[in-house]
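Note that our numbering has the sequence shown beginning at 78, numbered continuously upward.
What the hints contain is simulated information worked out from the structure, not anything from laboratory work.
Under the rule of at most 20 Å between Cα atoms (straight-line distance), these lysine to any residue pairs were calculated in the SDA-like manner:
1) Lys-87 to Lys-111
2) Lys-111 to Ala-95
3) Lys-111 to Arg-136
4) Lys-87 to Thr-118
5) Lys-87 to Asp-112
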Amino acid sequence: MAKALLGDPKLLILDEPANGLDPAGVTEIRQLLKDLAADGTTILLSSHILAEVARLATRIGIIHEGRMITEMSADDLPRHVQRTLQVRCRDHVAARRILHDNGYDPQPGENGMLLVTGHDAVDTPERVATLLVDGGCPPQHLAVHEEDLESLFLRLTGAAR
78 MAKALLGDPK LLILDEPANG LDPAGVTEIR QLLKDLAADG TTILLSSHIL
128 AEVARLATRI GIIHEGRMIT EMSADDLPRH VQRTLQVRCR DHVAARRILH
178 DNGYDPQPGE NGMLLVTGHD AVDTPERVAT LLVDGGCPPQ HLAVHEEDLE
228 SLFLRLTGAA R
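With these hints in hand, go ahead and build the complete structure from the sequences.
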């Protein structure tokens with residue numbers, strides 16, 4: 078990379094630039110790339126470390142089997158990720174019934190967790206909590222989960238398990 082930077086390039090194409098580096102080296106590379114971008118260098122970054130891509134990129138493209146399946150600005154990423162309300166109650170069967178009876182479609186998750194999608198549940202989790210408490214099934218856990226870039230990639234490419 079040092080040799081490529083000697084000519085003060087306007088375009089820098091990098092494949093896994095942090096591969097094999099220790100955490101301090103990764104931090105240095107990340108800062109270097111941010112500084113180069115701030116100085117006007119266009120950086121095309123290919124990486125399987127999607128958390129790092131999400132931290133650095135201003136535009137994100139997801140390529141699968143040789144074709145671009147989506148492209149977006151990093152600012153648009155929140156509009157593409159799925160948000161889910163995670164709910165756990167002592168009696169997940171009763172909780173599922175209460176939520177279903179109130180127009181939600183809770184899906185079973187791991188360890189008795191219920192997963193509720195849709196803007197109504199995600200944007201107003203307090204309403205879901207109130208319904209459960211009023212139904213005699215107070216939640217032990219209630220949290221909005223937003224998928225990360227890796228989860229988005231797996232969902233869009235059909236590789237999610």
